[in-house]
Amino acid sequence: MKLKALESHLQEVEVFSDPKVQFEQYPTSAHLAARIAYMAETTYGDLTDKAVADLGCGCGMLSIAAGIMGAGLLYGFDIDDDALEIAQGNLETFELEMELVRVNVVAGRLLEEEAARTEKKEGGPRQAGGKPANVAASSAAQDIALDRIAPPLARFAKQFDTVIMNPPFGTKPGNRGIDMAFLRVALGLARTAVYSLHKSSTRDYILQRAAAWGAKGTVLAQLRFDVPQMYKFHKRASVDVEVDLWRFELGD
Amino acid sequence: MRLLTHNMLQCHVKKCTDPALNFPLQLQDIELEQVETEENEDLLLNLINKVDYNALTTTAAQLGLVGLPNAIPKDPQADPAFMTRLHEVLLETNITQGKMACRGCGHVYTIKDGIPNMLLAEHEI
Numbered sequence: 000m001k002l003k004a005l006e007s008h009l010q011e012v013e014v015f016s017d018p019k020v021q022f023e024q025y026p027t028s029a030h031l032a033a034r035i036a037y038m039a040e041t042t043y044g045d046l047t048d049k050a051v052a053d054l055g056c057g058c059g060m061l062s063i064a065a066g067i068m069g070a071g072l073l074y075g076f077d078i079d080d081d082a083l084e085i086a087q088g089n090l091e092t093f094e095l096e097m098e099l100v101r102v103n104v105v106a107g108r109l110l111e112e113e114a115a116r117t118e119k120k121e122g123g124p125r126q127a128g129g130k131p132a133n134v135a136a137s138s139a140a141q142d143i144a145l146d147r148i149a150p151p152l153a154r155f156a157k158q159f160d161t162v163i164m165n166p167p168f169g170t171k172p173g174n175r176g177i178d179m180a181f182l183r184v185a186l187g188l189a190r191t192a193v194y195s196l197h198k199s200s201t202r203d204y205i206l207q208r209a210a211a212w213g214a215k216g217t218v219l220a221q222l223r224f225d226v227p228q229m230y231k232f233h234k235r236a237s238v239d240v241e242v243d244l245w246r247f248e249l250g251d
Numbered sequence: 000m001r002l003l004t005h006n007m008l009q010c011h012v013k014k015c016t017d018p019a020l021n022f023p024l025q026l027q028d029i030e031l032e033q034v035e036t037e038e039n040e041d042l043l044l045n046l047i048n049k050v051d052y053n054a055l056t057t058t059a060a061q062l063g064l065v066g067l068p069n070a071i072p073k074d075p076q077a078d079p080a081f082m083t084r085l086h087e088v089l090l091e092t093n094i095t096q097g098k099m100a101c102r103g104c105g106h107v108y109t110i111k112d113g114i115p116n117m118l119l120a121e122h123e124i
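From first to last, the protein sequence lines stand for chains A and B. Heads up, the first sequence stops at 251 in numbering that gives the first Met the number 0, and the numbers go up one at a time, no gaps. Heads up, the second sequence stops at 124 in numbering that gives the first Met the number 0, and the numbers go up one at a time, no gaps.
Derived by calculation from the structure, the hints in this document are not laboratory data. Be a bit skeptical, because a hint or two may be false.
Claimed, not checked - Now the in silico label distances, taken between C-beta atoms and shown as ranges: (1) Asp146/A to Gln61/B: 20 to 28 Å; (2) Glu91/A to Glu38/B: 45 to 53 Å; (3) Lys13/B to Gly173/A: 45 to 53 Å; (4) Val218/A to Glu35/B: 35 to 43 Å; (5) Asn48/B to Lys119/A: 23 to 31 Å; (6) Lys119/A to Ala80/B: 52 to 60 Å; (7) Ala70/B to Asp146/A: 19 to 27 Å; (8) Asp17/A to Lys14/B: 42 to 50 Å; (9) Asn39/B to Met0/A: 39 to 47 Å; (10) Lys14/B to Ser199/A: 36 to 44 Å.
Treat the numbers as computed from the prediction; the structure is a model and nothing was measured. In this text, a Cβ means the ideal position worked out from N, Cα and C, and glycines have one as well.
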């Protein structure tokens with residue numbers, strides 16, 4: 000499958016008809032999804048015949064891209080039943096098999112924990128360079144233990160080769176830290192690699208936290224994420240947000 | 000929802016912590032559908048180590064799905080009949096509608112159009 004062909008297939012994916020602001024439902028474009036899936040497969044071999052999960056799958060753009068690239072087993076997790084219904088329609092269109100589960104990926108204390116950390120990072124003085132990494136070494140494994148941080152997904156721990164996701168960016172005040180909470184869960188689900196999009200402004204922080212969770216993060220590309228005017232609080236017609244495409248590699 | 004997914008879902012109501020009871024969830028009033036998919040040996044071998052095989056055979060028996068041995072063969076790869084039956088039960092047997100009840104706290108999770116709903120109310124988390 001050529002990149003151009005993949006992108007043109009993905010144009011057929013139906014997206015949110017009525018996006019919900021509380022879930023930060025910005026659809027992933029066909030252009031972006033095609034590039035992520037194409038790179039994941041051609042550069043790293045992370046999709047074909049692999050078990051792949053999409054956290055906050057929404058209408059399934061990324062997972063469908065992974066499916067077209069030959070994923071052997073596909074799971075999509077999302078909180079919103081309207082999005083899941085659209086995803087299901089898309090799967091029929093593309094004749095792909097994917098398991099959908101309605102679940103709050105970041106339920107309970109996890110989100111509070113990450114929100115508190117994020118506020119501390121933004122409000123307080125900068126941490127000295129070596130400190131977070133040291134915290135890491137001792138508590139990494141426990142930090143991403145799903146039975147503790149994401150009880151509904153406990154039995155999915157390390158069940159997937161690859162997690163591919165476009166998490167909420169946590170820009171809505173009530174969603175602070177949600178991007179990091181998603182990443183933490185993703186690292187608990189994956190054996191090999193996690194692909195994720197995060198605002199470029201948080202790059203250093205993400206690198207540190209990922210290391211603390213036992214993953215080596217690499218920014219594969221910086222992209223401009225076109226957020227069209229879908230919600231009333233957007234003053235301009237379209238806003239470009241600087242976003243990093245990350246690949247996190249997990250050791251054994 | 001495939002039986003594989005049922006094998007991964009457990010009750011996560013906060014006060015429900017007895018691992019002997021919060022898994023597997025008890026299937027009720029379900030509709031089944033067989034959906035043929037391609038057998039992938041590597042994927043299946045990987046899953047063998049991940050599924051709770053006792054829970055799987057218990058559930059399969061309740062659903063009247065026969066043909067799975069009580070224990071995983073020592074060398075599953077050398078047993079194509081087992082691999083095929085496991086593939087059919089785990090990956091081709093789909094639950095389209097129904098309920099999953101927790102044997103610990105009684106919470107009922109619904110399955111609608113093949114999608115299990117694992118959301119809980121605030122006070123249950």
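Each hint tested on the structure:
1. Asp146/A to Gln61/B: 20 to 28 Å: 26 Å, holds
2. Glu91/A to Glu38/B: 45 to 53 Å: 22 Å, violated
3. Lys13/B to Gly173/A: 45 to 53 Å: This hint is violated: roughly 22 Å between Cβ atoms.
4. Val218/A to Glu35/B: 35 to 43 Å: Holds - the Cβ-Cβ distance for Val218/A and Glu35/B, about 41 Å, lies within 35 to 43 Å.
5. Asn48/B to Lys119/A: 23 to 31 Å: Check failed, 39 Å falls outside 23 to 31 Å.
6. Lys119/A to Ala80/B: 52 to 60 Å: 58 Å, holds
7. Ala70/B to Asp146/A: 19 to 27 Å: 26 Å, holds
8. Asp17/A to Lys14/B: 42 to 50 Å: 36 Å, violated
9. Asn39/B to Met0/A: 39 to 47 Å: 19 Å, violated
10. Lys14/B to Ser199/A: 36 to 44 Å: Holds, since Lys14/B and Ser199/A (Cβ atoms, about 42 Å apart) stay within the stated range.
Checked against the numbered hints given earlier, the structure breaks hints 2, 3, 5, 8 and 9 and satisfies all the rest.
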